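**Student:** Sequences are here, hints too, so could you generate the full structure?
Chains P and B, in that order, are what the protein sequence lines are.
Taking my numbering as reference, the numbering of the first sequence is continuous, increasing by one, and the terminal residue is 245.
Taking my numbering as reference, the numbering of the second sequence is continuous, increasing by one, and the terminal residue is 561.
Some hints could be false.
[As the list claims (entries may be wrong)] Output of the computed footprint for chain B on chain P, the stretches with three or more beta carbons under 8 Å from beta carbons of chain B:
1) 22-30
2) 86-100
3) 104-115
Derived by calculation from the structure, the hints in this document are not laboratory data.
In this text, all values refer to a predicted model and were calculated from it rather than measured experimentally.
We treat Cβ as the ideally placed atom computed from N, Cα and C, and that holds for glycine.
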Amino acid sequence: MRTAGLRRLFGGLAAVNGVSLECHVGRLHAVIGPNGAGKTTLINLLSGELAPSAGRIEILGREVTGLAAHRISQLGVGRSYQLTNVFMRFTAFENCRLAAQSRLASSMRFLRPATRYREVNEAAARALALAELSGRENTVAAELSHGERRQLEVAMTLATRPKVLLLDEPLAGMGAEESARMVELLRKLAPGHAMLLVEHDMDAVFALADTLTVMVDGAVLASGTPAAVRANDAVQRAYLGETDD
Amino acid sequence: MDRQARSLQVLLLAGLVALVAFPFVGEKFYVQFITKVMIMAMFAMSLDLLVGYTGLVSLGHALPFGLAAYALMFVTPEYQAAGFWTSVAASMGVAAIASLVVGLLVLRTSGIYFIMVTLAFGQMAYYYVHDSKYLGGSDGKFIYVRPALELFGWKPFDLENHTHFYYVALALMVFVYVSLRVLLASPFGRVIVAIKENEHRLRMLGFATFRYKLVCFVLAGMLAGLAGWLAAAQDGLVNPEMLSWHQSGQLLMMVILGGMGTPAGPVLGAAALKVLELVFQGWTKHWQLLLGGFIVLSVLFMPRGLAQIFNWKRRG
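**Tutor:** And the structure:
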């Protein structure tokens with residue numbers, strides 16, 4: 001996945017301003033930055049929920065700029081949300097089954113019960129197992145704990161068998177133990193996916209990232225290996241400085 | 246969940262047995278009355294597919310119902326019976342085409358705008374029919390002969406006979422009920438239910454939700470068309486009131502009263518409203534007042550509808 005000169009205006013404000021970055025399978029690219037830096041807007045642009053004002057997006061060698069969100073998803077891009085966004089009245093398994101069902105050639109199937117599609121059930125079970133939710137399949141999403149719902153969020157994304165994963169603060173609001181479990185999960189996923197991770201938790205970011213991009217006011221301030229970014233003066237001043245001292 | 250499902254099954258079976266047995270003991274008036282109720286129940290089930298399951302609150306569902314009724318009038322020769330299958334196909338076909346055209350436009354809106362636009366389309370059709378001489382204008386038109394089914398000279402039933410008509414309506418109502426159960430359990434059905442829950446997330450999972458809503462809208466229209474065909478055949482009459490927004494509104498009331506998004510809710514709602522109408526009409530000419538009061542009270546105390554009575558335990 002590659003972007004070039006990506007830009008999105010909200011009124012006169014450039015929420016994302018000339019962002020160019022790359023993300024490859026097997027690599028985890030983390031994006032950090034203060035609140036309002038445009039990180040979530042960036043993800044919304046990549047997933048097709050917002051159309052860019054300028055610039056281009058390429059995924060798996062195909063230009064997808066301006067494509068509808070569901071088409072981008074079908075190309076193999078999965079995203080998870082900062083605020084949990086699951087089907088609350090469905091069980092964990094039903095959530096994942098629905099996600100896996102999206103990879104059938106079509107869901108315009110009217111007769112056979114949805115529960116009897118073996119390949120869909122297997123994909124859903126696999127995604128749940130990967131996210132370590134196996135014991136909770138039959139629990140309604142509304143009754144899962146916050147951390148479990150975050151895991152479910154990722155499991156649903158996985159059930160669509162994406163090649164590119166866009167993760168918007170998967171650790172948001174999690175306790176230490178839940179965070180550790182999520183970091184483990186992300187580490188497990190890294191080899192098979194191109195991952196873009198937006199995250200505030202610096203320990204997690206430095207533990208996971210192969211490449212690190214710092215965004216401030218919609219623009220890229222610095223980008224490189226975590227060690228190089230950490231040593232960057234501008235970053236020290238603008239962002240990390242506050243916490244390091 | 247198991248107990249709930251079983252109690253519903255027992256209840257449905259008991260209701261079915263009672264309905265099958267009724268014509269043996271009931272007077273003609275009541276047999277015809279229950280036929281009407283069953284037709285409304287089918288009509289209400291078709292609306293519930295939109296309102297209760299997909300989250301599309303349509304206030305124009307009388308449109309496919311009424312157009313299908315007029316389609317039967319159109320294909321019936323003056324002093325001869327229309328063919329059973331051809332007239333059903335004509336009615337459902339007209340309902341499908343109308344729903345497709347309306348759906349393509351209205352499904353671009355949502356929420357309160359969806360309600361307004363479906364209402365507007367319904368009223369457009371109403372006034373067109375109301376002011377068209379060739380369709381009988383405000384008086385409507387008679388259908389002198391009911392459709393007939395003939396297979397190589399053999400007639401399995403005669404719709405001119407009110408008992409036969411009753412059983413045909415019962416069979417079609419069961420058909421609609423079972424079709425909806427099958428449909429909702431299918432992959433398509435799961436998508437539909439998820440649209441009501443969280444359409445945005447569904448799109449992000451890769452579903453082109455508009456397409457699913459459109460197909461759902463057309464299917465609901467076709468089932469409403471089947472009900473419209475039956476209603477026209479029973480009354481031997483079509484008139485613009487079948488298309489009016491009163492019709493759509495009353496139907497919505499039946500669905501809400503019975504319980505949106507529940508299997509038997511619309512059937513209960515249709516039965517309750519029609520039976521109470523009959524009872525209150527016998528008491529006073531201000532029966533509308535009593536009916537309105539009943540609806541207010543039931544919505545206050547049973548927000549999930551009459552179906553709530555039969556859910557002794559909630560899920561979980």
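**Student:** Using C-beta distances, would you say chain B covers the region 86-100 of chain P, given that this needs three or more residues below 8 Å?
**Tutor:** holds (count 9)
**Student:** When I compare C-beta atoms, does the region 104-115 of chain P have three or more residues closer than 8 Å to chain B?
**Tutor:** Since three or more residues must qualify, the claim that chain B covers the region 104-115 of chain P holds, with 10 doing so at under 8 Å.
**Student:** Count residues of the region 22-30 of chain P with a Cβ under 8 Å from any Cβ of chain B, then say if the count reaches three.
**Tutor:** violated (count 0)
The structure fails to meet hint 1 from the earlier list, while all remaining hints are met.
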